[in-house]
Amino acid sequence: KAGVTQTPRYLIKTRGQQVTLSCSPISGHRSVSWYQQTPGQGLQFLFEYFSETQRNKGNFPGRFSGRQFSNSRSEMNVSTLELGDSALYLCASSLDAVSGYTFGSGTRLTVV
Amino acid sequence: GDSVTQMEGPVTLSEEAFLTINCTYTATGYPSLFWYVQYPGEGLQLLLKATKADDKGSNKGFEATYRKETTSFHLEKGSVQVSDSAVYFCALSGRAAGNKLTFGGGTRVLVKP
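Protein sequence lines, in the order shown, are assigned to chains D and H.
9 is the number that the working numbering gives to position 9 of the first sequence; each next residue is one higher, with no gaps.
29 is the number that the working numbering gives to position 29 of the second sequence; each next residue is one higher, with no gaps.
Each hint should be verified, as a subset may be incorrect.
[To be verified] Label pairs and their computed distance ranges (CB to CB):
1. D:Gly42 - H:Thr12: 17 to 27 Å
2. D:Asn56 - H:Arg108: 21 to 31 Å
3. H:Pro113 - D:Gly42: 24 to 34 Å
[Claimed, not checked] For lysine-lysine, the following DSBU-like pairs were computed, each having C-alpha atoms within a straight-line distance of at most 35 Å:
4. H:Lys60 - D:Lys57
5. H:Lys56 - D:Lys57
6. D:Lys13 - D:Lys57
7. H:Lys112 - D:Lys57
Source of the hints: derived by calculation from the structure; they are not laboratory data.
The beta carbon of each residue, even a glycine, is placed where N, CA and C say it ideally should be.
Could you build all of it, start to finish, from the sequences and the hints given here?
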């Protein structure tokens, strides 16, 4: 079966711009989570959506937001980009917490 | 809150050597424990998991046992290959925290032929 698909794979944006990243989960998975990976901070949890509702949120500023659609596809948006937002953004989908998460290949965002 | 501590790398080994990566955790209740692997330029792949005390997860020659008494989930492989070169992440999913993975800092493993 198809895995978790993230688009685009690479993105270059200028400071102050906004960006939208997309994630299509594995069919049947209703939970979608987003993580930020940087060399300095490692893997940090952004938020989790389940059945179109944000169920959990990490410690990120309000510039980071997300949503989930009725087909479980999810988007995350970052507004007013800062240089420090440069990172690999990973999306993961799951049936439940016990099953574990399947990750996509990520979107590499570079802010210049 | 929940936290995961794993040994810092890099760990450099020769092919066919024994690999151990230590992982300890702090969590309320009874979390599920995971090992993920990340190859260059890719996302994370689930390597193995354990959901309760004394469970042993295994996959591709890797093993880890959920030790509640020592709050540990050490990863082991008896004979590594060059293809095992990657970054390994220990993680937990605490039920009190909902569906959220808390990761360790990652351990880079380099296997030389």
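Checklist entry - Can the suggested window of 21 to 31 Å be confirmed for the beta-carbon pair Asn56 (chain D) and Arg108 (chain H)? => result 29 Å, holds
_Straight-line alpha-carbon gap Lys13 (chain D) to Lys57 (chain D), limit 35 Å_ = 25 Å, holds
At the C-beta level, are Pro113 (chain H) and Gly42 (chain D) separated by a distance inside 24 to 34 Å?
29 Å, holds
What's the verdict on Lys56 (chain H) and Lys57 (chain D), does the C-alpha distance respect the 35 Å limit or exceed it? 31 Å, holds
CA of Lys112 (chain H) to CA of Lys57 (chain D), is that 35 Å or under?
41 Å, violated
Within 17 to 27 Å or not, the Cβ separation of Gly42 (chain D) and Thr12 (chain H)?
21 Å, holds
**Message:** Please verify whether Lys60 (chain H) and Lys57 (chain D) have alpha carbons no more than 35 Å apart.
**Reply:** Distance ~34 Å between Lys60 (chain H) and Lys57 (chain D) Cα, so the pair holds.
Against the hints set out earlier in the document, a violation occurs for number 7 only.
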